[in-house]
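Heads up: the sequence lines are chains A and B, in that order.
Just so we're aligned, residue 1 is where the first sequence starts under the numbering used here, counting upward by one.
Just so we're aligned, residue 116 is where the second sequence starts under the numbering used here, counting upward by one.
Hints listed in this document are in silico derivations from the structure and should not be mistaken for laboratory results.
Every residue gets a Cβ at the ideal spot worked out from N, C-alpha and C, and that includes glycine.
Some hints could be false.
[What the hints assert, rightly or not] To give a feel for the contact side, a few chain A residues facing chain B, derived at Cβ under 8 Å: (1) Gly-42; (2) Glu-48; (3) Asn-56; (4) Leu-90; (5) Ser-94; (6) Ser-95; (7) Pro-97; (8) Tyr-101; (9) Gln-104; (10) Gly-107; (11) Pro-108; (12) Gly-109.
[Claimed, not checked] List time: in silico DSS-like cross-link candidates among lysine-lysine, alpha-carbon distance up to 27 Å: (13) B:Lys-193 - B:Lys-221; (14) B:Lys-164 - B:Lys-184; (15) B:Lys-184 - B:Lys-221; (16) B:Lys-221 - B:Lys-164; (17) A:Lys-57 - B:Lys-164; (18) B:Lys-193 - A:Lys-57.
[Unchecked claim] To give a feel for the contact side, a few chain A residues facing chain B, derived at Cβ under 7 Å: (19) Ser-33; (20) Phe-45; (21) Glu-103; (22) Phe-106.
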Amino acid sequence: KAGVTQTPRYLIKTRGQQVTLSCSPISGHRSVSWYQQTPGQGLQFLFEYFSETQRNKGNFPGRFSGRQFSNSRSEMNVSTLELGDSALYLCASSSGPGGAYNEQFFGPGTRLTVL
Amino acid sequence: AQSVTQLDSQVPVFEEAPVELRCNYSSSVSVYLFWYVQYPNQGLQLLLKYLSGSTLVESINGFEAEFNKSQTSFHLRKPSVHISDTAEYFCAVSVNPGYSTLTFGKGTMLLVSP
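Chain A extracted, bound-state conformation (with noise of 0.2 Å):
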């Protein structure tokens, strides 16, 4: 089975400007949930998805806002970038909700760099 994948790995962005950053889960899960990594700040959770509704938020501005479509892709879109955001953005996904009882595989990452 192919693995959680993120794309682009990659992206360099200006400051004002926005992103959008793609996950597509394993085939067959429905949960999908993102993180944001930093070095100051380490992972923080950003929101999850199940079966297109958005069931959990962080504690995270308005800018920060994502989607889920039929298929249990995912993506994630930061408005307005700030210095602040650069970080690997992390997509997680599980065949169910709740991360206890249904293991969260995790994709690569997309490392955002905002200049």
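Using the hints provided, position chain B relative to the given structure of chain A.
Okay, now just chain B, sitting in the frame of chain A:
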């Protein structure tokens, strides 16, 4: 709200030596605990988890962790490390099994040298 503390940002150790990576959590409710490993330029991989039952959990590659409720700890141990164990290790907690939300510690970089 829950939190996870990994006191050691870096742990250097020689090959074949034992190692312990410390993890303490804070939560007012029951928790589910996880250890993830991240190799360079890769995503996170689940190493082991504690959901319920036996407080000692093991991974297939020789790591083990023990849930200690009284000390609110979930330390990761390996009796003999290999060079290939060099990676960053993250402890994480979930308080609601119905959601995939994980709260992570800041990570501990395990550096194994020959």
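Given Glu-48 (chain A) as an interface hint, is the shortest Cβ-Cβ distance to chain B below 8 Å?
holds (5 Å)
27 Å limit on alpha-carbon distance, applied to hinted pair Lys-193 (chain B) and Lys-57 (chain A):
The hint is violated at about 35 Å.
Restraint: Phe-45 (chain A) near chain B, CB-CB cut 7 Å. Satisfied or not?
holds (5 Å)
Is the Cα-Cα distance between Lys-164 (chain B) and Lys-184 (chain B) 27 Å or less?
holds (15 Å)
Decide if the proposed pair is consistent with the structure: Lys-57 (chain A) and Lys-164 (chain B), CA atoms, cutoff 27 Å inclusive.
Measuring from Cα to Cα gives roughly 23 Å; hence the hint holds.
Chain B contact restraint on Gly-107 (chain A) - CB to CB distance below 8 Å
holds (5 Å)
At a threshold of 8 Å, is the proposed contact between Ser-95 (chain A) and chain B supported by beta-carbon distances?
Cβ of Ser-95 (chain A) sits 11 Å from chain B, so the hint is violated.
Is the interface hint for Ser-33 (chain A) satisfied, with its Cβ closer than 7 Å to some Cβ of chain B?
holds (5 Å)
The hint names Phe-106 (chain A) as touching chain B; please verify it with the least Cβ-Cβ distance against 7 Å.
holds (3 Å)
Given Gly-42 (chain A) as an interface hint, is the shortest Cβ-Cβ distance to chain B below 8 Å?
Holds. Min distance 4 Å.
Was the hint right that Asn-56 (chain A) lines chain B, CB cutoff 8 Å?
This hint holds: Asn-56 (chain A) lies near chain B, its Cβ roughly 5 Å from the closest one there, short of 8 Å.
Given hint Leu-90 (chain A) near chain B, where the shortest CB pair must fall under 8 Å:
Cβ of Leu-90 (chain A) sits 6 Å from chain B, so the hint holds.
Of the numbered hints given earlier, the model fails hints 6, 18; all others are met.
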